[in-house]
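J.: Chain order of the listed sequences is A and B.
Per our numbering, the first sequence starts with residue 330, numbered consecutively.
Per our numbering, the second sequence starts with residue 21, numbered consecutively.
Worth double-checking, as some hints may not be accurate.
[What the hints assert, rightly or not] To give an idea of the interface, some chain B residues facing chain A are shown, with a C-beta separation under 8 Å as derived from the structure:
| no. | residue |
| --- | --- |
| 1 | Q51 |
| 2 | L115 |
| 3 | T116 |
| 4 | T119 |
| 5 | G120 |
[Claimed, not checked] Straight-line distance between alpha carbons at most 30 Å, and here's what the computed DSBU-like set of lysine-lysine pairs gives:
| no. | chain 1 | residue 1 | chain 2 | residue 2 |
| --- | --- | --- | --- | --- |
| 6 | A | K370 | A | K382 |
| 7 | B | K87 | A | K348 |
| 8 | A | K351 | B | K114 |
| 9 | A | K382 | B | K114 |
| 10 | A | K365 | B | K114 |
| 11 | B | K114 | B | K62 |
| 12 | A | K338 | A | K370 |
Just so you know, the hints here were simulated from the structure itself, not pulled from any lab data.
Beta carbons are placed, not taken as given, at the ideal position from N, Cα and C, and that holds for glycine.
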Amino acid sequence: DTEVTQTPKHLVMGMTNKKSLKCEQHMGHRAMYWYKQKAKKPPELMFVYSYEKLSINESVPSRFSPECPNSSLLNLHLHALQPEDSALYLCASSQDNNLRGQYFGPGTRLTVT
Amino acid sequence: QKEVEQNSGPLSVPEGAIASLNCTYSDRGSQSFFWYRQYSGKSPELIMSIYSNGDKEDGRFTAQLNKASQYVSLLIRDSQPSDSATYLCAGNEKLTFGTGTRLTIIP
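Whole structure, please, built from the sequences with the hints as guidance.
T.: Encoded structure:
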């Protein structure tokens, strides 16, 4: 099973809302990632969890709050977002050293109104 | 200098021909390099990984790695319209992607 699942597929939220994106993998991977992708641009790294601990935060604004409840789950909590945060949010997982590449979920298409 | 740079294209190739995609990198810490394919509106999909200097073949795809010259390439033989996508290269260490090459296979 090489599947990474993400929910929801689409999300529309106002600037005062609080919402969460969810990601799950059952490949036994110990590294999980959040990326943000704008149209016609490559994915941009936001956060990395390694063995359920936050190891990289790419200077992401605090309105994005990641959480890793266990080795299979990854959440991204959203609060007070701005319209420019509208993008495709991708979750990925890999072996802990990423020597064999990352597996991506289908993404959540987020629109902030 | 960006850690990973690609010939940004776009690249158009006739059906049945060989498509050649190139990537150079400055990250000497990476031990593995990857090619991802991303269809429009979809997420990236890992299609090739390479760890050693030389060539690695998988079906119609061949990845080439030259660590001394710091480049990685992807050859797609017998190109098909279904190969039309954006191709992204990345190393395992820095977790950043090249800008991507948009490939169109012309029937």
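J.: Need the list of violated hint numbers for this structure, in ascending order.
T.: When the structure is compared with the hints, only number 7 turns out to be violated.
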